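S.K.: The primary structure of each chain is shown beneath.
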Amino acid sequence: MTAPLSAIAPDLAARRAPALGGFNLTALKLEVRRLLRNRRTVIIAIVAPVVLFLLFGLNKAYVHQPAGPGAHGNISAFVMVSLAVYGAVVATTFAGAMVSIERAQGWSRQLRLTPLSPVAYIAMKIMTALVLGACSVAATFVVGALSDKPSMSTGLWIASGLSVWIGSLLFAAFGLFLGYLLPAENVMQLIGLILAALSFAGGLFIPVSQFAAGVRDVAKWTPMYGLNQLVHTPLLGNGVDWTWVVNVLAWLIIFSAGAAWRMRKDTARV
Amino acid sequence: MLLVAYRRQTESMTITTTDSGAGPASTHGPLAVDLAGIRKNFGHVQAVRGIDLQLRSGEIVAILGPNGAGKTSTIDIILGLSQPSSGTVSVLGMHPRQAISRGLISAVMQTGGLLKDLTVRETVEYTASLFAHSQPVQEVLSGAGITEVADRRVGKCSGGEQQRLRFALALLSNPELLVLDEPTTGMDVEGRRSFWSAIRKDAEQGRTVLFATHYLEEADAYADRIVLLRHGVMVADGTAAEIKAMAAGRTVRATLPGASEIMLTGLPGAEQVEIRGDTVLVHSNDSDATARYLLTQTAARDLEITARGIEEAFLALTGDETDAGTGALATGAQT
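As you go down the protein sequences, you meet chains A and B in turn. FYI, the numbering for the first sequence is 1 to 270, going by this note's numbering. FYI, the numbering for the second sequence is 271 to 605, going by this note's numbering.
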């Protein structure tokens, strides 16, 4: 029963830490598979925007009209982009907020006993969120294309889709923040409500210009407003207002800082 | 009754004979665990109040203590999950986080730590993918006896299957140090036995095993060395036999009609005596001398020597009284 330390010592020297802090495609694949396995997430993030598009994006009464003065596409295309934003935002927020379930089940603690670095973990979470966001945008755009109602140039389809997808990164940070902030396992229901409120405030369903003056001033400061305005810019051809960019960047900083702060707290708590 | 009397005397014992541990330990290479002057405060609460602990490679060591003794805080520090308020910690000659990132430390926690919506195989694949080197997934699954439930969601697995999965995850990186926090909580007797036989077999290959438990028999039966914590300090460190001896000595029982208390108290090694009719009980810190004297110098017969159970030793050492006894036992018990 003598310990073969002579055998252990060279072994110790041979041991390495993994590259990239443990980031790898196997884990990423499993993260995505796990997210897509959650039926409620898939319904809310992918099916719901498609259904909403079928309800509001195909109405013959208005969808063929131009989306605005000087716009490069019709109202159907405008509605499709709005719903793609909604879907992508829900997808990335939900994906980010999965950390709350992982915390509740003790998985994050288990991961801290592996070489996975916090940065690699967050990178995987963000990429997982972006994969679900891409699925959501793609679903809405594919159904839009099949319906043959949205009309804009191929370049605009690509530009709008990409800006929606990249912009949804903001809400991956939001989801992570909420995931670290809220402890309960039913965090998802709460997030559904928060997102619905933010979508209305951000003008995804009704243009902010139709709000009462006081409400409008407040709405312009909410996190979905800037993003929603920016992603419609290619289609509307109305130029970028710098306050939209400030809105997106400010919220990105707030959400990222909040997530980092809560994550550090979470780590210290154990 | 005896126990209460002795508890007072054992209060003052703080024995940290770190080189007295038995077991298949080697003296070469870095220590598996080296804690020096570890303290951990949570606000005003002092969970750990100065622990020095050295574990050599290949030892199987139990940390034993009542709730709130500082077991989990100490383990968290060894695992790098929390930072000590003061003192130094090194695992295999490096910082715990470095040892973790090289796959040198693994831990099996009591509950949780698994994602319910992954399958057993996915959980193993996921964890394996995080290490620079890991054992083949299929091998680990079959080694832990969970091949037949590999495609089942973790949430649908029984408690025993989940625990085998945790054990499989802990062995994935072929760690040098395996830390188990109350590993057999909720297992039945048979499950516990097979779990420990797996651990022992595993440790024969030179793995160091540190486990926290409050099952005294478990520490007694499976650890080479027991570290007893109370109120955040080590109150004893030694083999199960040493702990039993240091806490309680032995009781010599004999039939001796007409014995007087004064005569018995004068026996070599005697510390506490009791007379029940013709039977005398002498609690002794040197049972050999007591017995020899009784058998050669008196009419005593039917002599019996019994050690106190580990349970009583544990109670004696971790009891909650804070007064300082004379420490008469400590001198006899220190090895």
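Keep in mind that the hints were calculated from the coordinates and are not lab data. Here the structure is a predicted model, which means the values were calculated and not measured. Please note that a few of the clues may not be correct.
[What the hints assert, rightly or not] Result set (EDC-like, lysine to aspartate or glutamate): computed pairs, CA atoms no more than 16 angstroms apart in a straight line:
hint, chain 1, residue 1, chain 2, residue 2
1, B, Lys386, B, Glu409
2, A, Lys29, B, Glu474
3, B, Lys386, B, Glu431
4, B, Lys386, A, Glu102
5, A, Lys265, A, Asp241
6, A, Lys29, B, Glu431
7, B, Lys471, B, Asp494
8, A, Lys149, A, Asp241
9, B, Lys426, B, Asp387
[As the list claims (entries may be wrong)] Output of the computed footprint for chain A on chain B, the stretches with three or more beta carbons under 8 angstroms from beta carbons of chain A:
hint, segment
10, 378–392
11, 545–556
[Said to hold, decoys possible] Take a look, some chain B residues computed to stay more than 12 angstroms from chain A by CB distance:
hint, residue
12, Ala306
13, Asn337
14, Ser399
15, Leu486
16, Glu487
17, Glu531
18, Glu574
By construction, the Cβ of each residue, glycine as well, lies at the ideal position given by its N, Cα and C atoms.
S.K.: For each hint, tell me whether it holds in the structure or not.
M.R.: So, going through the hints one by one against the coordinates:
Between B/Lys386 and B/Glu409 the CA atoms are separated by roughly 22 angstroms; this puts the pair beyond 16 angstroms, and the hint is violated. About 37 angstroms separates the Cα atoms of A/Lys29 and B/Glu474, which puts this hinted pair outside 16 angstroms; it is violated. Restraint check for B/Lys386 and B/Glu431: the C-alpha separation of about 13 angstroms stays at or below 16 angstroms, so the hint holds. Proximity of B/Lys386 to A/Glu102 is assessed by CA-CA distance (about 9 angstroms); at most 16 angstroms being required, the pair is judged to hold.
For the hint linking A/Lys265 to A/Asp241, the alpha-carbon distance of about 37 angstroms lies beyond 16 angstroms, and the restraint is violated. With a C-alpha separation of about 25 angstroms, the suggested pair A/Lys29 and B/Glu431 falls outside the 16 angstroms cut-off, and the hint is violated. Proximity of B/Lys471 to B/Asp494 is assessed by CA-CA distance (about 14 angstroms); at most 16 angstroms being required, the pair is judged to hold. Of the pairs offered as hints, the one joining A/Lys149 and A/Asp241 is violated, with about 29 angstroms between alpha carbons and a cut-off of 16 angstroms exceeded.
Pair hint B/Lys426 plus B/Asp387 holds up; C-alpha atoms about 9 angstroms apart against a cutoff of 16 angstroms. Coverage of the segment 378–392 of chain B by chain A holds [criterion: at least 3 residues with CB-CB distance below 8 angstroms; count 10]. Note: the segment 545–556 of chain B has 0 residues with beta-carbon separation from chain A under 8 angstroms; the three-residue rule is not met and the coverage is violated. Every C-beta of chain A lies more than 12 angstroms from that of B/Ala306, the closest at about 21 angstroms, which supports listing it as non-interface.
For B/Asn337, the shortest C-beta to C-beta distance to chain A comes to about 18 angstroms, beyond the 12 angstroms cut-off, and the non-interface label holds. Against chain A, the non-interface label of B/Ser399 is violated: not every CB pair exceeds 12 angstroms, the least being about 4 angstroms. Distance to chain A confirms B/Leu486 as a non-interface residue, since its nearest Cβ pair spans about 24 angstroms, more than 12 angstroms. Here B/Glu487 stays apart from chain A, with its beta-carbon at least about 22 angstroms from theirs, past the 12 angstroms limit.
The claim that B/Glu531 lies off the interface holds: its Cβ sits roughly 47 angstroms from the closest Cβ of chain A, which is beyond the 12 angstroms cut-off. Against the 12 angstroms criterion, B/Glu574 stays outside the reach of chain A, whose nearest CB is about 33 angstroms from its own CB.
Checked against the numbered hints given earlier, this structure breaks hints 1, 2, 5, 6, 8, 11 and 14; the rest are met.
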